[in-house]
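Asker: Got chain A; can you put chain B on it based on the hints?
Protein chains: 2
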Amino acid sequence: MSLPFHGPTAGILVIGEEILSGKVEEENARYLVRELRGLGVAVRRIDVIPDEIDEIAEAVCGMSGRYDHVFTSGGVGPTHDDVTMAAIAKAFGLRPARNLELEAKIRSAMGANLHERDLRMADIPDGARLLYGPDGDRSHWPVVTVRNVYILPGVPEIFRYKFAMVRELFRTGPILSRAVFSRESEAVIAATLDAVVAEFPGVAVGSYPRLGLAEYKVKITVDGRDAAMVEHATARLVQGLGAAVVRTE
Amino acid sequence: MSLPFHGPTAGILVIGEEILSGKVEEENARYLVRELRGLGVAVRRIDVIPDEIDEIAEAVCGMSGRYDHVFTSGGVGPTHDDVTMAAIAKAFGLRPARNLELEAKIRSAMGANLHERDLRMADIPDGARLLYGPDGDRSHWPVVTVRNVYILPGVPEIFRYKFAMVRELFRTGPILSRAVFSRESEAVIAATLDAVVAEFPGVAVGSYPRLGLAEYKVKITVDGRDAAMVEHATARLVQGLGAAVVRTE
Chain A
1379 MSLPFHGPTA
1389 GILVIGEEIL
1399 SGKVEEENAR
1409 YLVRELRGLG
1419 VAVRRIDVIP
1429 DEIDEIAEAV
1439 CGMSGRYDHV
1449 FTSGGVGPTH
1459 DDVTMAAIAK
1469 AFGLRPARNL
1479 ELEAKIRSAM
1489 GANLHERDLR
1499 MADIPDGARL
1509 LYGPDGDRSH
1519 WPVVTVRNVY
1529 ILPGVPEIFR
1539 YKFAMVRELF
1549 RTGPILSRAV
1559 FSRESEAVIA
1569 ATLDAVVAEF
1579 PGVAVGSYPR
1589 LGLAEYKVKI
1599 TVDGRDAAMV
1609 EHATARLVQG
1619 LGAAVVRTE
Chain B
1379 MSLPFHGPTA
1389 GILVIGEEIL
1399 SGKVEEENAR
1409 YLVRELRGLG
1419 VAVRRIDVIP
1429 DEIDEIAEAV
1439 CGMSGRYDHV
1449 FTSGGVGPTH
1459 DDVTMAAIAK
1469 AFGLRPARNL
1479 ELEAKIRSAM
1489 GANLHERDLR
1499 MADIPDGARL
1509 LYGPDGDRSH
1519 WPVVTVRNVY
1529 ILPGVPEIFR
1539 YKFAMVRELF
1549 RTGPILSRAV
1559 FSRESEAVIA
1569 ATLDAVVAEF
1579 PGVAVGSYPR
1589 LGLAEYKVKI
1599 TVDGRDAAMV
1609 EHATARLVQG
1619 LGAAVVRTE
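Chains A and B, in that order, are what the protein sequence lines are. Here the first sequence is numbered in our numbering, starting from 1379 and rising by one per residue. Here the second sequence is numbered in our numbering, starting from 1379 and rising by one per residue.
Just chain A, same shape as in the assembly (with noise of 0.2 Å):
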């Protein structure tokens, strides 16, 4: 949970079974990593789990105490195995409630297509409450929201539509990274980068090793939000490997 460097971080909780099953590959986390990245949140757990009440909503309740923000994907629907806004009215002791504004859109949106069943999208943690993008513009679905957590859904398309809508919420400033390749392996290197590590501890030094590249066998990374720290601590790793180095990015 601890980086390095301060900033906002996150959670992202997948309610999966067809990820789980190997049925469906999973795209909404792998997309939010980066589009976080991006706007400079740090993403610190990813957790996949099937659609049951108890399990989302402990997974809900933990993760909205240790990370700023928290995202769920999926189980939003009119099925039997929708269960994400009752798991997470439970995670916070609210109770589940069909709210006014969501049912009059659904009820306009399907006109005489309506089911019953499409209601029950109306039913929502009581005092969620309903974002609409930063123009405000109400003809558009809502991001529903319960304290630090945002509930988008599975369908990938549908996903991306809806966290563009409240993303510019998140930004901040971003996470800086560079990167250095070696041509020697992790063993000969590693008391170098523990030597940076401990120079500099505001910033994350990762290590990363390939197979069979004729180029380079690791890959460093050294991220941070301060410019003149990541600079800094990357001239440091390239004066200690010397040699090794092949070229940095």
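Quick caveat, the hints were computed from the structure, so don't treat them as lab data. Hints may be right or wrong, so weigh each one.
[Said to hold, decoys possible] Derived DSS-like pairs (lysine-lysine); straight-line CA-CA distance at most 25 Å:
| hint | chain 1 | residue 1 | chain 2 | residue 2 |
| --- | --- | --- | --- | --- |
| 1 | A | 1483 | B | 1595 |
| 2 | A | 1401 | B | 1597 |
| 3 | A | 1597 | B | 1401 |
| 4 | B | 1401 | A | 1595 |
| 5 | A | 1401 | B | 1483 |
| 6 | B | 1483 | A | 1595 |
Owing to the predicted nature of the structure, the values given are computational and were not obtained by experimental measurement.
Answerer: Same frame as chain A, now just chain B:
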């Protein structure tokens, strides 16, 4: 956690700062979910967390108690961010200790290129088992295992090589799956799904809407271990949905 059908379960713990920061796409959980499903093991949770000892220890401890098998990916090299072995030792109250069999293998493999830091990869939880695969061929690198936790590396090629050594340990009766495609929306078919869910408590029914396809609006899946029950539930679903059925798989 509780699937409607019985059988072995698994949790997957990905220790991957590079995934959380969006630098690398997750491959190992994605691979393992399908392998385990093919072997008859139901994955019930995938967590992606940073390389932090306390967080790994807490996650391993929780998963080890909840699922039959736990697989970890990543954090087993010789650098500062490789803390998985220490974390798993902590999870079970074990001491990290130099394993002589692993030390001998590392010394033999590295020869004159041995670096002291390579030997850190021989420091594993005291009492861990080394698994060599069904042929018992000790020229391979073994899979380090503590209780029901199988510790695998993050580099995808090595992850797959090592999992292949132990995969036959997990084979059990298959999980069967049928699919029914509906031209009607979830709201229209929800009552029929409810009825099948209520009538067949031994199968798992999933409902997955798709946008923008001409062929169908919802894919419904019926999973279980009892072939007759899966067929029976699928037939009931097809009967209940009537003209909404596009096709089955």
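Asker: Next step is simple, just say for each hint if it's right about the structure.
Answerer: Quick rundown of the hints versus the structure:
| no. | hint | result |
| --- | --- | --- |
| 1 | 1483/A / 1595/B | holds (21 Å) |
| 2 | 1401/A / 1597/B | holds (11 Å) |
| 3 | 1597/A / 1401/B | holds (11 Å) |
| 4 | 1401/B / 1595/A | holds (17 Å) |
| 5 | 1401/A / 1483/B | violated (39 Å) |
| 6 | 1483/B / 1595/A | holds (21 Å) |
Checked against the numbered hints given earlier, the structure breaks only hint 5 and satisfies all the rest.
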